[in-house]
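Colleague: Below, each chain spelled out in residue letters.
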Amino acid sequence: MNISLALALPPFQTLAQKHLIYAYCAVWLIQFGYGTWLAVQWHKSSRP
Amino acid sequence: MTNSRKLQTAGLLWFLLTLLVLAIGFYQACTAPTEATMGNLYRVFFYHFPHTILSFVFPYLNCFASFAFLYWRQRNPERALAADAFALASAQVTVVYASVGLATGMLWGRAAWGIWWTWDARLTTYLLLWLLYVSYVLLRRLSASGQTEVLSAVLAIFAAIDIPICFMSIRWWRTQHPAPVFGGGADSGIDPSMYPAVLWNLAAWAMWGAFILGLRYAIERRRQRRDTAAAHQYLSASKSPSYGEAQ
Numbered sequence: 042m043n044i045s046l047a048l049a050l051p052p053f054q055t056l057a058q059k060h061l062i063y064a065y066c067a068v069w070l071i072q073f074g075y076g077t078w079l080a081v082q083w084h085k086s087s088r089p
Numbered sequence: 002m003t004n005s006r007k008l009q010t011a012g013l014l015w016f017l018l019t020l021l022v023l024a025i026g027f028y029q030a031c032t033a034p035t036e037a038t039m040g041n042l043y044r045v046f047f048y049h050f051p052h053t054i055l056s057f058v059f060p061y062l063n064c065f066a067s068f069a070f071l072y073w074r075q076r077n078p079e080r081a082l083a084a085d086a087f088a089l090a091s092a093q094v095t096v097v098y099a100s101v102g103l104a105t106g107m108l109w110g111r112a113a114w115g116i117w118w119t120w121d122a123r124l125t126t127y128l129l130l131w132l133l134y135v136s137y138v139l140l141r142r143l144s145a146s147g148q149t150e151v152l153s154a155v156l157a158i159f160a161a162i163d164i165p166i167c168f169m170s171i172r173w174w175r176t177q178h179p180a181p182v183f184g185g186g187a188d189s190g191i192d193p194s195m196y197p198a199v200l201w202n203l204a205a206w207a208m209w210g211a212f213i214l215g216l217r218y219a220i221e222r223r224r225q226r227r228d229t230a231a232a233h234q235y236l237s238a239s240k241s242p243s244y245g246e247a248q
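These protein sequence lines are chains A and B, in that order. Under the numbering used here, the very last position in the first sequence is 89; numbers go up by exactly one each time. Under the numbering used here, the very last position in the second sequence is 248; numbers go up by exactly one each time.
It is possible that some hints are incorrect.
[Claimed, not checked] Each computed SDA-like pair below joins lysine to any residue, with the alpha-carbon atoms no more than 25 Å apart: (1) Lys85/A - Trp69/A; (2) Lys59/A - Phe212/B; (3) Lys85/A - Asn41/B; (4) Lys59/A - Tyr75/A; (5) Lys59/A - Lys7/B; (6) Lys85/A - Val22/B; (7) Lys7/B - Val22/B.
[What the hints assert, rightly or not] Residues on chain A that point at chain B, a partial pick, calculated with CB under 7 Å: (8) Leu56; (9) Tyr63; (10) Gly74; (11) Tyr75; (12) Gln82.
[To be verified] Going by beta-carbon spacing under 10 Å, a handful of chain B positions derived as facing chain A: (13) Met39; (14) Val45; (15) His52; (16) Ser100; (17) Ala113; (18) Ile116.
Keep in mind that the hints were calculated from the coordinates and are not lab data. Here a beta-carbon is modelled for each residue, glycine too, at the ideal position from N, C-alpha and C.
Using the sequences and the hints given, assemble the complete structure.
Modeller: Rendered as structure tokens:
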């Protein structure tokens with residue numbers, strides 16, 4: 042099995058490797074950051 | 002169990018299912034075969050493609066909801082409010098998805114082309130799309146006018162004109178951006194072994210988009226109901242005989 046991204050490649054050696062990791066981190070940061078903000082707003086709006 | 006409680010339970014189950022599909026999508030993206038020319042860098046595509054495609058879908062929801070708001074605002078104010086809440090939610094989700102599309106595209110471009118940005122037709126129209134929906138969200142946030150909903154609905158309808166232009170830009174013009182991977186003619190397409198990663202991630206981010214869209218809509222509807230209740234309370238208080246004396 043080729044688990045190249047997670048295991049086989051030592052990250053941060055080349056620009057391509059770095060940018061691949063940065064891209065995935067950017068996606069999670071933006072999406073789950075917005076999701077967390079929504080969860081906080083939902084919680085606040087539940088208060089009377 | 003009340004309808005509200007049922008909806009919250011369904012939302013929670015949807016969220017858990019989405020996390021599962023996201024995890025499968027990530028696993029598929031990691032285990033897909035390495036591409037011959039780009040190596041592992043091409044794996045950015047598994048996240049870039051779903052976000053970009055979905056950032057062309059949510060603006061249409063925003064546009065339809067804005068049309069619905071303009072149609073119903075005189076005829077059925079309650080429906081108009083619901084349409085307006087949906088328009089706001091879909092505009093915010095568009096900004097989120099287009100931001101991811103821009104960020105992943107630029108990170109890929111720097112590593113693949115050696116440049117962060119170029120003013121070709123696809124990138125320029127996509128930046129315009131992002132700016133249009135950021136301006137929509139800012140208008141909603143900052144405008145103190147009593148006509149904010151109407152102004153933003155009109156802006157949303159004009160903003161949607163950019164979507165087909167942006168989508169077709171890589172078919173109409175020669176661009177630095179790669180030609181269409183799907184539906185781009187005889188030379189387009191990917192190896193069938195990469196399809197599971199593409200489809201799982203497309204499904205996962207579509208499910209996540211539906212979840213945050215629904216949650217944002219529900220938050221906005223709560224705010225509208227609270228504001229309406231406050232307005233009714235104020236009106237009742239102002240009609241009471243003691244109101245003038247208190248003033």
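Colleague: Grab the minimum C-beta distance from Gly74/A to chain B and call the hint holds if it beats 7 Å, violated otherwise.
Modeller: Violated - the Cβ of Gly74/A stays beyond 7 Å from chain B, reaching only about 9 Å at its closest.
Colleague: Is Lys59/A close enough to Phe212/B, meaning Cα to Cα at most 25 Å?
Modeller: Roughly 30 Å between the alpha carbons, so the hint for Lys59/A and Phe212/B is violated.
Colleague: Go through the hint on Val45/B and say holds or violated, using the shortest Cβ distance to chain A against 10 Å.
Modeller: 5 Å, holds
Colleague: Would the hint on Gln82/A be counted as holding, given a Cβ-Cβ threshold of 7 Å to chain B?
Modeller: With a minimum Cβ separation of about 5 Å from chain B (threshold 7 Å), the hint on Gln82/A holds.
Colleague: Identify whether the interface hint at Ala113/B stands, where standing means a beta carbon of chain A within less than 10 Å of its own.
Modeller: Where the cut-off is 10 Å and the nearest Cβ of chain A is about 8 Å from Ala113/B, the hint holds.
Colleague: Double-check Tyr63/A for me: the hint is only fine if its C-beta lies closer than 7 Å to a C-beta in chain B.
Modeller: 5 Å, holds
Colleague: Do the alpha carbons of Lys7/B and Val22/B lie within 25 Å of each other, as the hint requires?
Modeller: 22 Å, holds
Colleague: Between Lys85/A and Trp69/A, is the straight-line Cα distance small enough, at 25 Å or below?
Modeller: 24 Å, holds
Colleague: With a cut-off of 7 Å on the beta carbons, see whether Leu56/A makes it to chain B.
Modeller: With a minimum Cβ separation of about 5 Å from chain B (threshold 7 Å), the hint on Leu56/A holds.
Colleague: Measure nothing beyond the straight line between the CA atoms of Lys85/A and Val22/B; if it is 25 Å or shorter, mark the hint as holding.
Modeller: 28 Å, violated
Colleague: Is the interface hint satisfied for Tyr75/A? The criterion is a beta-carbon contact with chain B at less than 7 Å.
Modeller: The hint holds - Tyr75/A has a Cβ within 7 Å of chain B, the shortest such distance being about 5 Å.
Colleague: Given His52/B was flagged as interface, is its beta-carbon under 10 Å from a beta-carbon of chain A?
Modeller: With a minimum Cβ separation of about 7 Å from chain A (threshold 10 Å), the hint on His52/B holds.
Checked against the numbered hints above, the structure violates hints 2, 3, 5, 6, 10, 18; every other hint is satisfied.
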